[in-house]
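Chemist: Same order as they appear, the protein sequences are chains E and R. Its first residue numbered 0, the first sequence is counted upward by one per residue in numbering that gives the first Met the number 0. Its first residue numbered 0, the second sequence is counted upward by one per residue in numbering that gives the first Met the number 0.
FYI, nobody ran anything at the bench for these hints, they're computed from the structure. By construction, the Cβ of each residue, glycine as well, lies at the ideal position given by its N, Cα and C atoms. Each hint can be trusted.
Once the Cα atoms are required to be at most 27 Å apart in a straight line, the calculated BS3-like pairs of lysine-lysine come out as:
#: 1; chain 1: E; residue 1: Lys170; chain 2: E; residue 2: Lys92
#: 2; chain 1: E; residue 1: Lys135; chain 2: R; residue 2: Lys1
#: 3; chain 1: E; residue 1: Lys92; chain 2: E; residue 2: Lys106
#: 4; chain 1: E; residue 1: Lys106; chain 2: R; residue 2: Lys12
#: 5; chain 1: R; residue 1: Lys83; chain 2: R; residue 2: Lys241
#: 6; chain 1: R; residue 1: Lys220; chain 2: R; residue 2: Lys186
#: 7; chain 1: E; residue 1: Lys221; chain 2: E; residue 2: Lys255
#: 8; chain 1: E; residue 1: Lys106; chain 2: E; residue 2: Lys170
#: 9; chain 1: R; residue 1: Lys1; chain 2: E; residue 2: Lys106
#: 10; chain 1: E; residue 1: Lys135; chain 2: E; residue 2: Lys106
#: 11; chain 1: R; residue 1: Lys186; chain 2: R; residue 2: Lys123
#: 12; chain 1: R; residue 1: Lys12; chain 2: R; residue 2: Lys83
#: 13; chain 1: E; residue 1: Lys92; chain 2: R; residue 2: Lys5
#: 14; chain 1: R; residue 1: Lys12; chain 2: E; residue 2: Lys92
#: 15; chain 1: E; residue 1: Lys129; chain 2: R; residue 2: Lys5
#: 16; chain 1: E; residue 1: Lys135; chain 2: R; residue 2: Lys12
#: 17; chain 1: R; residue 1: Lys42; chain 2: R; residue 2: Lys186
#: 18; chain 1: R; residue 1: Lys198; chain 2: R; residue 2: Lys220
#: 19; chain 1: R; residue 1: Lys5; chain 2: R; residue 2: Lys83
#: 20; chain 1: E; residue 1: Lys170; chain 2: E; residue 2: Lys135
#: 21; chain 1: R; residue 1: Lys123; chain 2: R; residue 2: Lys42
#: 22; chain 1: R; residue 1: Lys12; chain 2: R; residue 2: Lys1
#: 23; chain 1: R; residue 1: Lys1; chain 2: E; residue 2: Lys92
#: 24; chain 1: R; residue 1: Lys5; chain 2: E; residue 2: Lys106
#: 25; chain 1: R; residue 1: Lys83; chain 2: E; residue 2: Lys92
#: 26; chain 1: R; residue 1: Lys83; chain 2: E; residue 2: Lys129
#: 27; chain 1: R; residue 1: Lys83; chain 2: E; residue 2: Lys135
#: 28; chain 1: E; residue 1: Lys135; chain 2: R; residue 2: Lys5
#: 29; chain 1: E; residue 1: Lys135; chain 2: E; residue 2: Lys92
#: 30; chain 1: R; residue 1: Lys12; chain 2: E; residue 2: Lys129
#: 31; chain 1: R; residue 1: Lys198; chain 2: R; residue 2: Lys186
#: 32; chain 1: E; residue 1: Lys129; chain 2: E; residue 2: Lys170
#: 33; chain 1: E; residue 1: Lys129; chain 2: E; residue 2: Lys92
A few chain E residues that face chain R, going by a derived Cβ cut-off under 10 Å, partial list only:
#: 34; residue: Ile78
#: 35; residue: Ser85
#: 36; residue: Asn146
Counterexamples of contact, computed for chain E against chain R with all Cβ distances above 10 Å:
#: 37; residue: Asn197
#: 38; residue: Ala275
#: 39; residue: Pro288
#: 40; residue: Ala296
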Amino acid sequence: MTAAITVNDLRKTYGPLTAVDGVGFEVGPGEIFGMVGPNGAGKTTTIECLEGMRSPDAGDIRILGLDPRRDGYELRERIGVQLQQSSLPDDIKVWEALDLFASYYRKPAPWEPLLDELGIADKREARFSKLSGGQKQRLFIALALVNDPEVVFLDELTTGLDPHARRAMWKLVRAIRDRGKTVFLTTHYMEEAEHLCNRVLIIDRGRIVALDTPEKLVANLKAETRIVFTAAEPDYDPAPLRAVAGVTRVDVAGDKVTVTGRGDRLVILVVNALDAQQARFRDLRTEQPSLDDVFMAMTGDEMKPDGGAK
Amino acid sequence: MKGLVKLIWVEFKLYMRQPQAAFFTLAFPLLLLFMFGSIYGNKPTPFFGGRGMVDVSTPAYIAIIMGSTGLMSISIVVSTYREKGVLRRFRATPLRPAAILGSQVAVNYVMTLAGTLILVAGAKLVYHMRFNGAVGAVFLGFTLSTLSFLAVGFLIASVARTSRVASILGMLFYFPNIFLSGATVPKEIFPGAMRSFSKVLPMTHVVNLLQGLWIGNPWGKHITELVVLAGFLVVGVVVSAKAFRWE
Chain E
0 MTAAITVNDL RKTYGPLTAV DGVGFEVGPG EIFGMVGPNG AGKTTTIECL EGMRSPDAGD
60 IRILGLDPRR DGYELRERIG VQLQQSSLPD DIKVWEALDL FASYYRKPAP WEPLLDELGI
120 ADKREARFSK LSGGQKQRLF IALALVNDPE VVFLDELTTG LDPHARRAMW KLVRAIRDRG
180 KTVFLTTHYM EEAEHLCNRV LIIDRGRIVA LDTPEKLVAN LKAETRIVFT AAEPDYDPAP
240 LRAVAGVTRV DVAGDKVTVT GRGDRLVILV VNALDAQQAR FRDLRTEQPS LDDVFMAMTG
300 DEMKPDGGAK
Chain R
0 MKGLVKLIWV EFKLYMRQPQ AAFFTLAFPL LLLFMFGSIY GNKPTPFFGG RGMVDVSTPA
60 YIAIIMGSTG LMSISIVVST YREKGVLRRF RATPLRPAAI LGSQVAVNYV MTLAGTLILV
120 AGAKLVYHMR FNGAVGAVFL GFTLSTLSFL AVGFLIASVA RTSRVASILG MLFYFPNIFL
180 SGATVPKEIF PGAMRSFSKV LPMTHVVNLL QGLWIGNPWG KHITELVVLA GFLVVGVVVS
240 AKAFRWE
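Turn these sequences into a full structure, and let the hints steer you where they fit.
Modeler: Right, here's the structure in full:
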């Protein structure tokens, strides 16, 4: 199948600032493709170039075979867009917005079912200014789906939402993909990219630093697994654990024991050693490396939950 | 096209949901009419060239409506839409830019016309206003005047960086225009200096043009007004086209 999105050597500068510096990638049909990076990494510039909202300085973009600059209006018939910074008139009602946006397209989808699917059917008559942040986002997603698009662009969909609303959004995005649509999203939440995306592009200072499935990104990091438990006896002796194959270090802080190491059988070996030692323990859990660790390793920066690198 | 028609309809509903805009366009001119009408009545007087207060004031109050839609409504709505990102959201659809801006012109033109019809109906019914002009000519004069005020409104929206600045600029133009142009208070009672100053205000020319057409003056008597208003229209459109920003 041909790619839904093809980008080659995309570049964009704002005065002295290089926002996007030679970015290229392909997105296959039916994929949820995520672009992650700190604020100012070039995510929004990239997505806006793809949507035709911004013109790149250089590079080639094809969305569904169309050039966003040259075939902008034709492309907009076939894509759905949720913008990071946009709004609707304060006094417009939810149903009016959907009805209005549907009228902009040659082949609109029926918008009534969207109200139900997005859980805003009870807000049908509510004015835009009276909606909560999550409800506004839902309405914007509904507007992005009102033309039954083939590719949907979501720019920082869950920024500013509470964890509950964020998880609900993830479900919605998966439902969009399950309807056969390609989803291109940006986020600065690593957790979001990890849970939602088939493939993740990590961008930093306008350049791609990594591009793969979340699993492979984490696996390629070759990071160590950590096993954490609470020792039931006050004078627990960690010496036998240090002898276990694959274990690189054992730290004891009070009754908290942290075992760090590598290998697929690490957890089994450690638990067996504890059993052989007849040690009593509770709250044993393992900590796998996450995309956060990948990001830190790739960029030397730490992703902050509030967005932006430190 | 379907999108444009729906957008105009929705914008019309939104206009009616803003109480202050609907008040200044639809109700305020009628209140002026009743206020001055109840004080002075509409008896013909030599002071107004053999016409009554209401006969002279009605076309002048129409200019106030144009001030409300042109200087206030359109500039504030367009600059607010830009500031909040409504224009951005519209631009992400296949809707053409001309349709987005055209819908604002259409709605404000229709609201100006609606305010005018309400005012004229009130003046006719309550004060038996006299009208000696040609409806077609008045309509053309009305249309030129309204479009030229809407163009000035777009100019304000184009040069103002924020909606706050736009609304301050709008008011800064609105109040001198309605009080010093003869739109609210007849120019006949102005002292000489004020009368000369009023010439620089675009609304003065709307008042002169509509009052002239109201009594059946030929176009030839209003070349100055036509040139000035066409000038504001052209300058407004050209400057807006150059300076207008979508975000």
